[in-house]
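Line by line, the protein sequences are chains A and B. If you count by our numbering, then the first sequence holds residues 1 to 119, one letter each, in order. If you count by our numbering, then the second sequence holds residues 1001 to 1112, one letter each, in order.
If you are wondering where the hints come from, they were derived from the structure by calculation, not from laboratory data. Even for Gly, the Cβ is constructed at its ideal location relative to N, Cα and C. Treat the hints loosely; a few may be bogus.
Said to hold, decoys possible - Quick look at which bits of chain B chain A covers, simulated, 3 or more residues with Cβ under 8 angstroms:
{"hint": "1", "segment": "1038–1046"}
{"hint": "2", "segment": "1058–1065"}
Unchecked claim - So the derived list for chain A, only partly shown, Cβ under 8 angstroms to chain B, looks like this:
{"hint": "3", "residue": "E10"}
{"hint": "4", "residue": "I11"}
{"hint": "5", "residue": "K38"}
{"hint": "6", "residue": "P41"}
{"hint": "7", "residue": "S42"}
{"hint": "8", "residue": "G43"}
{"hint": "9", "residue": "L45"}
{"hint": "10", "residue": "F47"}
{"hint": "11", "residue": "R50"}
{"hint": "12", "residue": "F91"}
{"hint": "13", "residue": "S95"}
{"hint": "14", "residue": "N106"}
{"hint": "15", "residue": "F109"}
{"hint": "16", "residue": "G110"}
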Amino acid sequence: AQKVTQAQTEISVVEKEDVTLDCVYETRDTTYYLFWYKQPPSGELVFLIRRNSFDEQNEISGRYSWNFQKSTSSFNFTITASQVVDSAVYFCALSETINYGGSQGNLIFGKGTKLSVKP
Amino acid sequence: ETGVTQSPTHLIKTRGQQVTLRCSSQSGHNTVSWYQQALGQGPQFIFQYYREEENGRGNFPPRFSGLQFPNYSSELNVNALELDDSALYLCASSADREETQYFGPGTRLLVL
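All chains should be built: construct the whole structure from the sequences, respecting the hints.
Written out as structure tokens, the structure is:
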């Protein structure tokens, strides 16, 4: 079965600290996509990144970086020099495919990690 | 470019009633997916519509139904509301079925 596990339920850091959010996934597909979304208190899910299963290069975007390792089925997200505005719930997601009875593009989400950044 | 919009933002219903939630997709997007997010949980896939046809369905009963219109906007209908239907309902649109999904602000439904 396809599954996403975010073991960290809540993380609290002080502003300017670095923080890593963990994501472990399970899938039988060889082609899939992984995503990270941010959900601030307003509720809207904000897209952060999409990664193809064939592209294991790490990616950096400003203070955000992502480490994709197929060998350990992990797709971790690091925020460098955290800020109060980073406080939100962060979701890791896996795209489901039609190969195992799913529908193309359906997202399977983890339970999320609530990040609190204190000033 | 207009993002995904949803209406209403909040809704209160009583058990047994019916509800219709609406979603306008982002310009140029032909696929709409609906998710239910219970408090403290990740979103759960309800169904997806592609070019006005249902393209897949999650583990939700038939009383959850939907439509997609020629302009690619969409409706989610829920009949015979139950207390457990209380949740945030999220709509997402994408340029195609496997493209990145962009979410709207959601509709918060409370069933009493």
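These are the hints, each one checked on the structure:
1. 1038–1046: holds (count 6)
2. 1058–1065: violated (count 1)
3. E10: Status violated, d = 11 angstroms.
4. I11: violated (15 angstroms)
5. K38: Status violated, d = 11 angstroms.
6. P41: Status violated, d = 12 angstroms.
7. S42: holds (7 angstroms)
8. G43: Since chain B brings a Cβ to about 5 angstroms from A/G43, closer than 8 angstroms, the hint holds.
9. L45: Status holds, d = 4 angstroms.
10. F47: holds (6 angstroms)
11. R50: holds (5 angstroms)
12. F91: This hint holds: A/F91 lies near chain B, its Cβ roughly 6 angstroms from the closest one there, short of 8 angstroms.
13. S95: Status holds, d = 7 angstroms.
14. N106: holds (5 angstroms)
15. F109: With a minimum Cβ separation of about 3 angstroms from chain B (threshold 8 angstroms), the hint on A/F109 holds.
16. G110: holds (6 angstroms)
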